[in-house]
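Chain by chain, the residues:
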Amino acid sequence: MQKLHRRFPDAAITAAFKWMIIASVSAGVAVMHMQSPPVNSLSLEFLTDVCIALEKLEMDKSCRGLVVTSSQPKVFSAGLDILDMYGKSPEHCAEFWKAVQEMWLKFYGSDMITIAAVNGSSPAGGCLLSMTCDYRIMADNPRYSIGLNETKLGIVAPFWFKDTMVNTVGHRTTEMALQLGLLYSPAEALKIGLVDQLVREDQVLTTATETMTKWLAIPDHARQLTKSMMRKPTIDKLTSNREADVNNFVKFITKDSIQKSLGMYLEMLKRRKA
Amino acid sequence: MQKLHRRFPDAAITAAFKWMIIASVSAGVAVMHMQSPPVNSLSLEFLTDVCIALEKLEMDKSCRGLVVTSSQPKVFSAGLDILDMYGKSPEHCAEFWKAVQEMWLKFYGSDMITIAAVNGSSPAGGCLLSMTCDYRIMADNPRYSIGLNETKLGIVAPFWFKDTMVNTVGHRTTEMALQLGLLYSPAEALKIGLVDQLVREDQVLTTATETMTKWLAIPDHARQLTKSMMRKPTIDKLTSNREADVNNFVKFITKDSIQKSLGMYLEMLKRRKA
Amino acid sequence: MQKLHRRFPDAAITAAFKWMIIASVSAGVAVMHMQSPPVNSLSLEFLTDVCIALEKLEMDKSCRGLVVTSSQPKVFSAGLDILDMYGKSPEHCAEFWKAVQEMWLKFYGSDMITIAAVNGSSPAGGCLLSMTCDYRIMADNPRYSIGLNETKLGIVAPFWFKDTMVNTVGHRTTEMALQLGLLYSPAEALKIGLVDQLVREDQVLTTATETMTKWLAIPDHARQLTKSMMRKPTIDKLTSNREADVNNFVKFITKDSIQKSLGMYLEMLKRRKA
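Residue numbers (this note's numbering), protein chains in the order written: chain V, 1 to 274; chain Z, 275 to 548; chain C, 549 to 822.
Isolated chain V, as found in the complex (with noise of 0.2 Å):
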């Protein structure tokens, strides 16, 4: 806490999870700030924190926008944590994809305003966390990447990450991106559309609790009317494919193939950092 108090000193801390602090930064704004070193992957532990969080500041009526944003160096999320799926029981990776679901679901279909300040690389389940957000702003640092890159590990996006990502770039790119697994730099993410902005790292929080300000003027019940309406169809597809969902996800994780395609990542991961 000492180290965001150190970054955001004017951030009043509402609560302290084991992998975030949530902050408040002005009237009715949260700020998510995810700190699960390294590089804040997805575990089912986080993710059973992010839900948590999620759940909280939805219930809590005073609260009506929310930034989640990064307080680790040079990446926003590196996506699902790959140890929850590798050498780890059926029950193990079914409980794990239901929250990772809940994760999306909480997200997707949040009455807040949610803003991603995306101020490192997104790859995977960052970049799908970034995209149930109602606006992305990234920082312009060539070096950062962000995308739906699975086919690459051998891994396929299930289809409401797809569907996510056809509802913000479209059909075609979407179709491109995911077949080869494209990682886009800030400036080709801005081009197609995967992000909003673009604007200097250290800027990146600052336009986000700025852009904040724009979303709150518009009356809460037309906005969430709204974002409902747009998102419904989607957020049902899921919803009544949920158990289908997780059994095809086991399935497919469990493969010997797709195992060792995992472990080959992980020990490629291991090499990288030694």
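Hints in this document: simulated from the structure, not taken from any laboratory. These numbers come from a predicted model, not from an experiment. Note that CB positions come from ideal geometry on N, CA and C, so glycine has one too. Hints may contain errors.
[Said to hold, decoys possible] In the DSBU-like style, the derived pairs of lysine-lysine whose C-alpha atoms are separated by at most 30 Å in a straight line are:
id, chain 1, residue 1, chain 2, residue 2
1, V, Lys237, V, Lys106
2, Z, Lys426, V, Lys191
3, V, Lys162, Z, Lys511
4, Z, Lys506, Z, Lys525
[Claimed, not checked] Some chain Z residues well away from chain V (every beta-carbon gap over 12 Å; in silico):
id, residue
5, Pro364
6, Ala368
7, Leu422
8, Lys426
9, Pro432
10, Arg446
11, Thr448
12, Glu449
13, Asp476
14, Gln477
[As the list claims (entries may be wrong)] Residues from chain V shown here face chain C by an in silico Cβ test under 10 Å; the list is partial:
id, residue
15, Ser26
16, Gly28
17, Gln35
18, Lys152
19, Leu153
20, Lys162
21, Val166
22, Arg172
23, Met176
24, Phe252
25, Ile258
26, Ser261
27, Gly263
Since the structure of chain V is already known, use the hints to place chains Z and C on it.
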């Protein structure tokens, strides 16, 4: 009518309604000049006239194209008439909403080539009307704006307004535009595809009739079948839900909180005028 | 074959059909050279060959990618062969249409990576063929054009042509393109996303094989599942409506008025040639 003749001395007036004049500019092409002072609000009376006029033109097999434009200065249409939703009985609101639906169904499903000559601002229902047309030409005057700004008034664009906009500018742009109630300048509207072409203000109508020539070169039956194929799913969604949509509107618009919002908005308009 | 060898001396011909040659350019990549003089019209005979060739390639597990290109000068494919719809029995028209459907189903649903090397004009069915591929590279020659121009001939692109185009360039662009039967220059096609890349005419095929390398880097099973997820809903729509779609086509195309239009078009083509 004198006024119209001063503006378009060559146009033969073929039908005159209380709130609009239908002129014939060339073989097979009619122009609907909306003139419901001061801002072409889409009142129940006005909508009824529009529907009767459109029905007549549709049955007149010699009429293949229709240009819609405004005879009022600075405005194409200010959108739905709030006086038909404020302080009115549920029955009146229901009748009004049926007329709005009817207008949309007739325009969006028209067998004629329809071109909007947007020679002024076009918020809310005015934007909807222009989006039902096959092509939109707007005056390149930065003081004009166009968009579905319902949320700013605390109300919500219904699903078929939303569907029409998604069909025009895509899902993501619609999601943000509707949530924020965005009004776009002509240049911005061109960029997102909300209008197809910008021309000097005094060229809007002539460009519309020139553009019409290009569309008239296509065999009617092939063009009509193609247009229907593109729009039928969207039209069917409303056709099979008209009554529920009316009930939904009446229930929403007669709420105390919404009536209060509308009242405040009307007060604001009065003050602005004074 | 001699002719092909003169053009691509390094290519090993792996299969020769009456109207096309399949060559192997590198490990796992085949090139389909269409050579049905003069303009690669998609006749019943040609389509039958294409489907047999594609089926064989699909079953050959060593073949992972397919480039489709033309051996005819100035044209990729002129589209459906009008001689198979003009003055023919309803039975013949039905058989022809089934072959068109089959071609589309096989290409749009192909497990292989498919790249269109559009080295010439590509109207109507030629445009459709290129749109079924995963990537489109076009020769940057302003004399070439591409688009679904059916309405200009008085006929109508069926719903699955339309769906393919909507998936490629979006709803609004498709609505206008199909109504007006627009043919786009390479530069315009790139701008609306109808093709993905423009290169010098003599670089089309080499760029296609270079691009293929990028796609081959993705694990097949992940790419195939992703491709299927993107395209299955569109494919299912035709699969479950094939017979109705055939009947619809036969009923439409055998109409006196449509036959007359096709006859006039054929006369015009003859005069143009003379």
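Hints and how they fare:
{"no.": "1", "hint": "V:Lys237 / V:Lys106", "verdict": "holds (14 Å)"}
{"no.": "2", "hint": "Z:Lys426 / V:Lys191", "verdict": "holds (28 Å)"}
{"no.": "3", "hint": "V:Lys162 / Z:Lys511", "verdict": "holds (24 Å)"}
{"no.": "4", "hint": "Z:Lys506 / Z:Lys525", "verdict": "holds (28 Å)"}
{"no.": "5", "hint": "Pro364", "verdict": "holds (20 Å)"}
{"no.": "6", "hint": "Ala368", "verdict": "holds (20 Å)"}
{"no.": "7", "hint": "Leu422", "verdict": "violated (10 Å)"}
{"no.": "8", "hint": "Lys426", "verdict": "violated (7 Å)"}
{"no.": "9", "hint": "Pro432", "verdict": "violated (8 Å)"}
{"no.": "10", "hint": "Arg446", "verdict": "violated (5 Å)"}
{"no.": "11", "hint": "Thr448", "verdict": "violated (7 Å)"}
{"no.": "12", "hint": "Glu449", "verdict": "violated (5 Å)"}
{"no.": "13", "hint": "Asp476", "verdict": "holds (35 Å)"}
{"no.": "14", "hint": "Gln477", "verdict": "holds (32 Å)"}
{"no.": "15", "hint": "Ser26", "verdict": "violated (38 Å)"}
{"no.": "16", "hint": "Gly28", "verdict": "violated (36 Å)"}
{"no.": "17", "hint": "Gln35", "verdict": "violated (31 Å)"}
{"no.": "18", "hint": "Lys152", "verdict": "holds (7 Å)"}
{"no.": "19", "hint": "Leu153", "verdict": "holds (8 Å)"}
{"no.": "20", "hint": "Lys162", "verdict": "holds (6 Å)"}
{"no.": "21", "hint": "Val166", "verdict": "holds (9 Å)"}
{"no.": "22", "hint": "Arg172", "verdict": "holds (5 Å)"}
{"no.": "23", "hint": "Met176", "verdict": "holds (7 Å)"}
{"no.": "24", "hint": "Phe252", "verdict": "holds (9 Å)"}
{"no.": "25", "hint": "Ile258", "verdict": "holds (9 Å)"}
{"no.": "26", "hint": "Ser261", "verdict": "holds (7 Å)"}
{"no.": "27", "hint": "Gly263", "verdict": "violated (14 Å)"}
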